[in-house]
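Colleague: Quick mapping for you: the protein sequence lines, in order, are chains A and B. For the record, in the first sequence the residue sitting at position 234 is 234 according to the numbering used here, with numbers rising by one throughout. For the record, in the second sequence the residue sitting at position 158 is 158 according to the numbering used here, with numbers rising by one throughout.
It is worth saying that the hints were derived from the structure and are not from the lab. Since we're looking at a predicted model, the values are computed, not measured. Heads up, a few of these hints could be off.
[Unchecked claim] Every beta carbon over 12 Å from chain A, so not counted as near; a handful from chain B, in silico:
{"#": "1", "residue": "S44"}
{"#": "2", "residue": "E74"}
{"#": "3", "residue": "K110"}
{"#": "4", "residue": "R132"}
{"#": "5", "residue": "H215"}
{"#": "6", "residue": "L270"}
[Claimed, not checked] If you want a taste of the chain A side facing chain B, the calculated C-beta under 10 Å gives, among others:
{"#": "7", "residue": "G33"}
{"#": "8", "residue": "M53"}
{"#": "9", "residue": "G55"}
{"#": "10", "residue": "E56"}
{"#": "11", "residue": "S202"}
{"#": "12", "residue": "A212"}
{"#": "13", "residue": "L214"}
{"#": "14", "residue": "L229"}
{"#": "15", "residue": "Y264"}
{"#": "16", "residue": "S292"}
{"#": "17", "residue": "N295"}
{"#": "18", "residue": "P296"}
Note that beta-carbon positions come from the ideal geometry of N, C-alpha and C, so glycine has one too.
Chain residues, written in single-letter form:
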Amino acid sequence: MSLAEKELSNTTVNHANLLELHHVKKYFPIMGGVMRRKVGEVKAVDDVTFSLMKGETLGLVGESGCGKSTTGRMIMRVLDVTEGQIVFDGQDITSVKGERLRRLRQDFQMVFQDPYSSLNPRMSVGALIAEPLIVNKKGSHSQIKDQVVSLLETVGLSAEARIRYPHEFSGGQRQRIAIARALALRPKLIVADEAVSALDVSIQAQILNLLADLRKEFGLSYVFISHNLAVVKHVSDRVGVMYLGRLVELAPKSSLYATPLHPYTQALLSAAPEPSRTVKRERIVLVGDVPSPANPPSGCAFHTRCPKVMEVCRSVRPEMNEYQPGHFVACHLYS
Amino acid sequence: MSEPLLKVSNLKTYFISKYRTVKAVDGVDFEVQKGKVLGIVGESGSGKSMTSLSIMGLIPPPYGKIVEGEIRFEGVDLSKLSEKKMNDVRGNRISMIFQEPMSALNPVLKIGEQIDEVLIRHKRLSKSEARRKSIQLLQSVGFPRAEQIVNEYPHQLSGGMRQRAMIAMAMACEPSILIADEPTTALDVTIQAQVLDLMRDLKEHTGTAIVLITHDLGVVADMADDMIVMYGGQVVESGTADDIFNTPLHPYTNALMESIPVIDEERERLTAIPGTVPSAANFPQGCRFAERCAIAQASCHEKMPELRELQPGHLVRCDLA
Ligand SMILES: Nc1ncnc2c1ncn2[C@@H]1O[C@H](COP(=O)(O)OP(=O)(O)OP(=O)(O)O)[C@@H](O)[C@H]1O
Ligand SMILES: Nc1ncnc2c1ncn2[C@@H]1O[C@H](COP(=O)(O)OP(=O)(O)OP(=O)(O)O)[C@@H](O)[C@H]1O
Ligand SMILES: [Mg+2]
Ligand SMILES: [Mg+2]
Chain A
1 MSLAEKELSN TTVNHANLLE LHHVKKYFPI MGGVMRRKVG EVKAVDDVTF SLMKGETLGL
61 VGESGCGKST TGRMIMRVLD VTEGQIVFDG QDITSVKGER LRRLRQDFQM VFQDPYSSLN
121 PRMSVGALIA EPLIVNKKGS HSQIKDQVVS LLETVGLSAE ARIRYPHEFS GGQRQRIAIA
181 RALALRPKLI VADEAVSALD VSIQAQILNL LADLRKEFGL SYVFISHNLA VVKHVSDRVG
241 VMYLGRLVEL APKSSLYATP LHPYTQALLS AAPEPSRTVK RERIVLVGDV PSPANPPSGC
301 AFHTRCPKVM EVCRSVRPEM NEYQPGHFVA CHLYS
Chain B
1 MSEPLLKVSN LKTYFISKYR TVKAVDGVDF EVQKGKVLGI VGESGSGKSM TSLSIMGLIP
61 PPYGKIVEGE IRFEGVDLSK LSEKKMNDVR GNRISMIFQE PMSALNPVLK IGEQIDEVLI
121 RHKRLSKSEA RRKSIQLLQS VGFPRAEQIV NEYPHQLSGG MRQRAMIAMA MACEPSILIA
181 DEPTTALDVT IQAQVLDLMR DLKEHTGTAI VLITHDLGVV ADMADDMIVM YGGQVVESGT
241 ADDIFNTPLH PYTNALMESI PVIDEERERL TAIPGTVPSA ANFPQGCRFA ERCAIAQASC
301 HEKMPELREL QPGHLVRCDL A
């Protein structure tokens with residue numbers, strides 16, 4: 001059974017799934033010429049299917065421009081889906097709008113790479129965290145104040161932080177503020193997009209530990225987007241690898257990292273330098289640059305850089321296939 | 001050990017304005033050996049970039065200054081050289097590459113013209129000789145279509161290609177030292193692997209020593225022969241990369257190694273370092289790491305520890321190590 005069929009068959013029956021993406025695509029038009037007409041399109045996300053169980057963390061890795069953020073932003077419904085379906089907590093949210101979307105949004109929140117640009121510099125930290133509570137009428141003035149204090153405590157900041165402004169905090173502290181704000185409405189899902197990438201490693205550890213604690217405390221689910229393979233391995237239950245808008249491999253982290261199947265995943269893992277003088281991996285150095293998603297190669301998008309390319313790869317696009325239980329791969333080597 | 005190629009002693013680079021003094025680099029010592037890679041790691045703001053800019057004579061004006069110390073290279077103290085003499089060294093005997101290649105490449109000049117210019121200025125080559133050499137250099141950094149690349153503008157290249165073009169330009173005069181400040185931070189993992197391989201190859205072929213600045217311990221483990229760990233404008237540990245990775249002595253180095261997730265290991269919980277780096281405008285009088293240190297004692301807050309040699313060639317700035 002293909003991944004799509006397997007996951008689709010669960011659509012309405014499987015209540016353990018918090019989130020499902022079915023054949024989701026996002027094509028951005030490329031405008032050109034004097035008439036500003038559409039001259040092409042960027043296939044930022046091109047037929048992605050996966051699901052996320054309640055309480056689960058799914059990592060998404062892949063190189064710059066492969067469509068990770070676009071996927072995250074479609075899940076958040078800040079970007080419209082070109083094609084496909086997104087199901088959140090049993091409801092099709094692909095095209096909900098207006099008041100219904102606003103109410104649904106309480107359940108999913110996003111945390112970004114740069115905590116500074118996502119926080120309004122003119123609002124005090126207290127006001128920033130209170131804002132979603134006020135907008136959604138979550139209690140009286142004093143109840144909201146209590147909630148803000150307890151949220152600050154949850155993320156390890158003192159109540160006194162309320163009266164200060166974002167620029168008075170370090171990068172790690174600002175990320176805590178952004179997380180407190182994201183948590184205010186008690187969401188079920190957090191999409192963390194490169195949430196620790198801009199932080200110093202010593203601070204990164206604080207935030208990763210915090211995310212793990214929150215997961216335990218509130219049963220949160222995460223879609224954790226990062227290009228750092230070690231970080232993704234640390235936080236995730238399952239990991240999806242993207243290449244040029246497509247999911248090429250999806251597996252429980254233990255099997256993905258121990259036995260990567262897709263040649264791209266293998267190259268990616270082998271290229272990640274490990275901070276150790278004793279472990280030395282055999283590096284697979286890929287030749288060539290990542291192709292443009294405006295003009296993706298035919299067949300398997302990876303065939304131009306693949307060390308194991310075969311004739312069929314140039315013309316036929318490989319489907320996701322469950323090669324081992326729970327371990328999906330889109331590669332002709334395994335079909 | 002033979003005479004080092006570059007010897008930095010007690011380097012202090014401060015930003016002095018009417019209102020405050022930022023001690024960006026505050027008494028740094030290290031040596032670069034011929035044909036070796038020295039890795040510099042440390043927290044953001046610990047003075048890594050300012051150390052390298054001090055060597056290059058490129059400290060941001062008007063407030064930045066070398067207030068003390070020596071940078072000895074080929075028998076002269078670079079910190080005392082005139083701007084004119086420094087121009088002969090820069091891009092010739094010592095060159096530098098940056099995280100963002102666009103900051104070093106001129107956007108309105110074709111790639112070939114930029115490399116030609118370096119060769120014409122420092123090596124006094126004719127225009128056609130320079131062009132021939134430029135094409136060769138681009139081939140050596142892995143461009144299959146080098147004859148075409150020379151005629152392209154920086155914006156026509158991808159990030160990884162630009163980084164390689166910048167390396168080609170930096171290597172044009174076969175410098176004895178290449179300073180690379182976060183050369184792969186902006187690159188994808190698979191492209192990073194290409195660039196690191198390239199730097200390793202160049203080192204082997206030309207004997208150029210590399211000073212590699214990065215916050216990625218993985219990159220240092222992969223590349224460096226020697227390393228220094230910086231914190232608060234100072235060197236807190238230095239030694240061979242093997243020594244430091246196998247037996248880190250400074251509590252900060254230790255914490256750093258424990259705080260990162262590692263692919264080949266399952267770590268239940270990461271060891272976070274609490275707190276934040278002290279401000280370079282207002283360092284405490286004692287050990288600069290003491291406030292965040294798990295094993296600090298009262299004395300650590302009072303007196304600045306000296307950098308001392310605990311094992312041959314392995315130095316640490318901690319009285320408790
Ligand atoms: N609003 C947009 N208009 C046109 N193209 C876009 C838009 N947003 C993203 N893209 C393109 O879609 C592709 C996927 O981008 P996306 O930001 O999702 O990648 P990513 O995997 O998050 O990369 P990174 O690791 O660099 O953040 C890229 O080629 C990008 O240039
Ligand atoms: N132009 C400047 N004026 C005043 N202070 C400066 C200036 N440039 C840098 N500094 C300060 O000097 C210190 C050292 O900065 P430096 O750029 O060397 O850090 P770094 O170790 O390279 O950090 P990163 O890892 O973030 O690149 C910092 O405290 C920084 O704020
Ligand atoms: Mg992104
Ligand atoms: Mg720097």
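Colleague: Determine for every hint whether it applies to the structure shown.
Modeller: Comparing the hints with the structure gives:
A cut-off of 12 Å between C-beta atoms contradicts the statement that S44 (chain B) is not in contact with chain A; the least separation is 5 Å. Every C-beta of chain A lies more than 12 Å from that of E74 (chain B), the closest at about 31 Å, which supports listing it as non-interface. With a cut of 12 Å on Cβ distances, K110 (chain B) stays outside the contact zone with chain A, its closest approach being about 19 Å. Distance to chain A confirms R132 (chain B) as a non-interface residue, since its nearest Cβ pair spans about 25 Å, more than 12 Å.
Not every CB of chain A is more than 12 Å from the CB of H215 (chain B) (nearest about 7 Å), against its label as outside the interface. The beta carbon of L270 (chain B) is not kept farther than 12 Å from every beta carbon of chain A, the shortest such distance being approximately 4 Å. Against a cut-off of 10 Å between C-beta atoms, the interface hint on G33 (chain A) is violated, since the closest Cβ of chain B lies about 20 Å away. Checking M53 (chain A) against chain B: minimum C-beta separation of about 21 Å lies over 10 Å; hint violated.
Given the 10 Å rule on beta carbons, the hint for G55 (chain A) is violated: about 18 Å separates it from the nearest Cβ of chain B. Because the smallest distance between the Cβ of E56 (chain A) and any Cβ of chain B comes to about 18 Å, over 10 Å, the interface hint for this residue is violated. Using the Cβ-Cβ criterion of 10 Å, the hint placing S202 (chain A) at the interface with chain B is satisfied: the shortest such distance is roughly 4 Å. Interface restraint check for A212 (chain A): the shortest CB-CB distance to chain B comes to about 7 Å, inside 10 Å, so the restraint holds.
Here the hint on L214 (chain A) is broken, as its CB sits about 14 Å from the closest CB of chain B, past 10 Å. With a least beta-carbon distance of about 6 Å to chain B, the hint placing L229 (chain A) at the interface is held under the 10 Å criterion. At a threshold of 10 Å, the smallest CB-CB gap from Y264 (chain A) to chain B is about 8 Å, leaving the interface hint in force. Proximity of S292 (chain A) to chain B holds as hinted, the smallest CB-CB distance being about 9 Å (cut-off 10 Å).
Taking 10 Å as the C-beta contact cut-off toward chain B, the hint placing N295 (chain A) at the interface is violated, the least distance being around 13 Å. At a threshold of 10 Å, the smallest CB-CB gap from P296 (chain A) to chain B is about 15 Å, leaving the interface hint violated.
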